[in-house]
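Student: Knowing the structure of chain A, use the given hints to seat chain B on it.
If you read the protein sequences in the order shown, they are chains A and B. So for the first sequence, this note's numbering puts the first residue at 1; every next one is plus one. So for the second sequence, this note's numbering puts the first residue at 1001; every next one is plus one.
The set of hints was computed from the structure by calculation and includes no laboratory data. As the structure is a prediction and not an experimental result, all values here were calculated from the model. Treat each hint with caution, since some may be false.
[What the hints assert, rightly or not] When the alpha-carbon atoms are kept at most 25 angstroms apart in a straight line, the in silico BS3-like pairs for lysine-lysine are as follows:
#1 B/Lys-1052 with B/Lys-1039
#2 A/Lys-76 with B/Lys-1046
#3 B/Lys-1123 with B/Lys-1081
#4 B/Lys-1046 with B/Lys-1131
#5 A/Lys-385 with A/Lys-154
#6 A/Lys-76 with B/Lys-1048
#7 A/Lys-385 with A/Lys-225
#8 B/Lys-1052 with A/Lys-76
#9 B/Lys-1039 with B/Lys-1118
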Amino acid sequence: MARRVAVVGTGQTYHKSHRPDVTSREMIHEAVTAALADAELTIREIDAIVIGNMDHFESINYVDTYSVEGSGGVMKPIMKVSTGGTTGATVAIAAYYHVASGLFDRVLAIGFEKNSESDTTGAIITCSDPVWDRFSYSGAIPSLATEATAYMEKYGATQEDAALIGERDRNHAMNNPYAHLRRPFTVADIMNSPMLAYPIKLGDICPRSDGACACILAADGVAQKIAPKPAWFKAAAVRHTYTWFGDSTDYNKGLVSMQRASKDAYAQAGITSPVDEIDVAELYLPYTWAGLKWIEDLGFCGPGEAPKFVAEKNTHMGGKLPVNPSGGVISTNCIGATALLRVAEAAIQVMGKGGARQVPDVRNALATGFGGCFWTDVVILSSEKP
Amino acid sequence: MTEWLKDVEPLTLKGQIAVPYTWWAGETGSRFLVSIRDKRKILGTKCKECGKVFVPPRKNCGRCFTNMEEWVEIADEGVIKAHTIVHYAHPLQPVGPPFAYALIRLDGADVDFLHLIKKDLDKIRNGLRVKAIFSEQRTGHILDIDSFELI
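The shape of chain A in the complex, shown without the other chains:
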């Protein structure tokens, strides 16, 4: 039987469009050092490491090896996991499996990216089948824009409805000292930004950031000695559909991988009414429309109800189910670290270490990861040991 596992420490770098002062390896070291300090552990107490980033992004594809000086992986069990946009969440889930298996007591999970060293679109499209689907359609914007158009046509949602997601997350980022974009941004700013692929405008999409994140996971019995309030894994789910764009997603049906992954996660966590039982969510929303459509796929509200649900401020700070107190992906996006930041921020909320971005009395926190051909990771962390 698997052991119970908790996040007992988190660390992240500050995030910028360019970090000329450090290499990836040095940036990883910053995040790891911060996580060790948070958990009051030394690198010698770490039993194994899981690390990930986006393949092809920095053209350093054996990052398990490349990173060891920064990760602390010298002569330790270390492996790389790379699953595209979901990488960070998958790294956390792989670290969870490591500890749950009983083989390791304390495992370090690391995600990082230096987007400033690469061409994001050129790298991202390598997720797609090279013969059939590798147009720049998969370079994030056009495929997401197609999803948004389908949602608009089906439910009559407006561009302003989506822009409110951007305004919300960017305002939340004002409370997060680590966020990349920390300037107020309004619905009007987004509406006035240049159109990229209808209905996505420049203000609707995430930035490219340099940054790294690390989380320390520990086993039941060990975790309680490290952290006064560990963030226990209640659920972890991974779902992929197909890689064919014409087959992976029925844009009129919703994000099927997220529907299935969240359904599985709720079953694992014993959650029957997500909106009542989840206290905060850190969602991988790479563009504003995802903040409407995908909260329906997560069951936070019914199909087509998201514009109203969001407009009534249910997902703002102080609302029924605050989404992205950190400012989310719209504010900070160091891609290989982005989904791990969601897990780390969920853990921070459970551990009560959020400072100005803390949601009061968090019991259950949900984190998601999203990847290019519409696949999904879901993690639920809790103050209660399951």
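Tutor: What follows is chain B alone, placed relative to chain A:
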């Protein structure tokens, strides 16, 4: 096995991605590169825990996991610890064959420095002393040291 080739023309598609990677050398790496470019001096960093001197410099010691802030000037001479003489050509190699790749323990360093030897290839032996030859045109690159020569 190959019967189908009589009926169907086998096609391939050419990749169209050429990613223009650019890596930041970082504060630590840039300090080293600027020093060889502007002063022809090789710098390393020293770990305050284990006392080891690293060249090229690292920002932190991977074994002790502490930041290294102490800079040390390293000699431009050292000893060949290991080498190979290359006889084949490849576009990614810095020069055409024949030449030698050598791991050189510079005086004052505790790790070996990977570089090239272009002359006297028939005389190269591990344990021999070599000296750095700096390029006349220096751009802030590891090949601002053109190569090493036997002393």
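Student: Now tell me if each hint is right for this structure.
Tutor: Going through the hints against the structure:
1. Simply put, B/Lys-1052 and B/Lys-1039 have alpha-carbon atoms about 24 angstroms apart, close enough for the 25 angstroms limit, and the pair holds.
2. At roughly 23 angstroms between alpha-carbon atoms, A/Lys-76 and B/Lys-1046 fall within 25 angstroms of each other, so this suggested pair holds.
3. A threshold of 25 angstroms between alpha carbons decides the hint, and for B/Lys-1123 with B/Lys-1081 the separation of about 15 angstroms falls inside it, so the pair holds.
4. For a cut-off of 25 angstroms, the pair hint linking B/Lys-1046 to B/Lys-1131 stands: about 22 angstroms separates their Cα positions.
5. Restraint check for A/Lys-385 and A/Lys-154: not satisfied, since their Cα atoms lie roughly 41 angstroms apart, outside the 25 angstroms limit.
6. Restraint check for A/Lys-76 and B/Lys-1048: the C-alpha separation of about 23 angstroms stays at or below 25 angstroms, so the hint holds.
7. A distance of roughly 14 angstroms separates the Cα atoms of A/Lys-385 and A/Lys-225; the hinted pair therefore holds under the 25 angstroms criterion.
8. Between B/Lys-1052 and A/Lys-76 the alpha-carbon distance is near 21 angstroms, which keeps this suggested pair within the 25 angstroms criterion.
9. With a C-alpha separation of about 23 angstroms, the suggested pairing of B/Lys-1039 with B/Lys-1118 holds against the 25 angstroms cut-off.
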